[in-house]
Amino acid sequence: MPTVRYEHVYKRFSDDAPPAVADFNLEISDKEFLVLVGPSGCGKSTALRLLAGLEELTEGDVYIGDHNVSNVQSRDRDIAMVFQSYALYPHMNVFDNMAFGLTLRKIPKDEIKVRVNEAAAILGIEGLLKRKPRALSGGQRQRVALGRAIVRKPAVFLLDEPLSNLDAKLRVQTRAEIIKLHQSLGTTFIYVTHDQTEAMTMATRIVVMDVGVIQQVGAPQELYEHPRNIFVAGFIGSPAMNFFDVVVEGDGDDLRLQAAEGFALPVPQEKLAQLAPYRARKLVMGIRPESVHDGAFQPPDIRASLVEATVDVTEMMGNEVLAYMEVGEHKFLCRCDPRTAARPGQQIRVAFDIDGVHVFDADTKTAI
Amino acid sequence: MAAQRISAQHRGRLSDTLRKTFGRIPLHFVILATCLAWSIPTIALLVSSFRDPSAIAGSGWWNALLDPTQWTLTNYDNVLNARGMTDAFINSLIITIPSTLFVILIGAFAAYAFAWMKFPFRNVIFLIVVALLVVPVQMTLIPILRLYTIVTIEGSIPIIGGNVFGVGSYSGLWIAHTAYGLPFAIFLLRNFFGGLPRELFESAHLDGASDLTVFFKIVLPLSVPAIAALAIFQFLWVWQDLLVALVLLGDPDLAPMTLQINSLVSSFGSNYQVLTAAAFLSMIVPLGIFFALQRYFVEGILAGSVKG
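Sequence order for the protein chains is F and E. Position in the first sequence (first residue = 1) + 3 = our numbering. Position in the second sequence (first residue = 1) + 26 = our numbering.
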């Protein structure tokens, strides 16, 4: 039985504007770490808040366990939430902050003490229990917010961009801690973020959203390797996928994806049947920077197609060189071996890994 | 060469410091002079309160500063021992404290509703309440007096005295003062409550708090600065109020200090030195309240609750 279920959920904030969340259907199983990811305004926070009961459903139902909680108040939904801005009670010390929810539910004082100390131990904040929030650093406040959620022992944890306010280093550290927390607690986590890196590293399943609609649901690797449309393809993966407007040229067994004069990639044997009907139709070809190599240092086991291109700008990353290349009107990014000779203004041969090519219909924007 | 450069730097730094210290002097002077000028009337009254009636009639108040022998405590003596002054002091307290408490209580509840609860016509009602700030108190006195005369409930309340309600009752004064103070109280508190971060309330709701619990356990503790400011303001306004008490009380036994001092003028003739002494005596309580509550203007009480 799924822990959480959204059924045909809609949320409209006003009648003339498009819905913030449209026909949202999702089943979330027990112990999952589900990440809702998407650009700002895509509806991911709204979807989370609908589950929390902080927003009212315009249409549809939400289930937690087997209870329909669509009309149940937030406090009775058996959930705990960690906010982006932590929302700690400033006039109470850390202990009271964590104990607040339990006190309201009339849990006996001894048990409250046990639970708070337990949570504090898990998060490493035992020494901070007597402090007030203003005497804590950002990372510490974060942990108190997490602790406040943990003591409630809810059925579902909701986290709304909890790492957004931390500096980069702390973010990476806390990411790992949250993953460990999930593993040790074994509760369902539903996590909202705009950062696809967080989504990829933390999730067991990712839900990509755009303009209130679910674009694709799947495991991180699945989304990376088989994006269902241009949006997901361009959103997942950093640096982002390269896109080219192409046309299918050639006949019979000899089909090419033609981007420009002198820039065409052959269609592999197994895809011929798929692409044949698309002759003379506008298509979009996508290929990740990881699948574009400096011709001189290409990996030996790939099926490569070589293209002459001019280097525009290079970024030395240490472990690799990001080379921004140009072929005619087309610009793309190549992740080159650090030994590459690519320098701005130079012409080098670039190897495109044919197996890394994704083709999308230019009109429907979906994958072929 | 290097030595010359260094000494030039030294000189630069010295002249900088000199300029900073002495450059400020004209500014300080102007500020002090302005403060003094504005305080002169008050100082004059203070000095006059320590002078004999004859001395006051004879020479300007500044003469007392040069001639310490003139200073006397007779005026204060007269005021303190005047008939009914202690009673008047207690009456002032009886009028002021409940008026302040009611305004805070009712104002806070109303402000919370206006800030964080949804109900129809919320904005319209709030605008009407704020618009009431414009109405001068004096305009309302006669209508209220006529209203009170109709609804007066005679009787004698134990301990504090006065009628049960209406003219010549403390409850009538409390209601009147509370009503006069509410528009400002609601306006001030609603803006303050509205500034509290929304996530704080959401978090509390998720934790299981009802609106009432949120109000008492979260909003009120965080609003101490605003409430302290409101308390001071209302206390001062009611404590030094003469007109409302004069019109709505009518009973000399219930008179607060302001009324009592006013009557002193007639009994002592036109000796205003008694007035000055009485005025400064009556200022002690408000000043005390002010300095006591000043400690509660804690800035940054919200620092640390929400990021940034």
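Be a bit skeptical, because a hint or two may be false.
[Claimed, not checked] One side of the interface only, derived from the structure: several residues of chain E facing chain F at Cβ under 10 Å: (1) K46; (2) T47; (3) A63; (4) S65; (5) I69; (6) L119; (7) G220; (8) E225; (9) E228; (10) H231; (11) K243; (12) P247.
[To be verified] Okay, the calculated beta carbon distance ranges per label pair: (13) F/Q186 to E/R224: 55 to 65 Å; (14) F/N120 to E/R39: 49 to 59 Å; (15) E/G220 to F/G237: 36 to 46 Å; (16) F/K116 to E/L58: 52 to 62 Å; (17) E/R224 to F/N120: 41 to 51 Å; (18) F/T106 to E/L72: 32 to 42 Å; (19) E/M143 to F/V75: 12 to 22 Å; (20) F/K116 to E/M143: 52 to 62 Å; (21) E/D237 to F/I110: 20 to 30 Å; (22) F/N120 to E/G220: 46 to 56 Å; (23) F/D364 to E/V156: 50 to 60 Å; (24) E/V156 to F/N120: 16 to 26 Å; (25) E/G221 to F/D33: 54 to 64 Å.
[Unchecked claim] Chain F regions said to be covered by chain E (calculated; three or more residues, Cβ under 8 Å): (26) 75 to 85; (27) 313 to 327.
Treat the hints as calculated values from the structure; they're not laboratory data. In this text the structure is predicted, and so the values were computed from the model without any measurement. All residues carry an ideal CB built from backbone N, CA and C; glycine is no exception.
**Report entry** Indices of hints not satisfied (ascending)
**Finding:** 1, 2, 3, 4, 5, 6, 7, 13, 17, 18, 20, 22, 24, 25, 27
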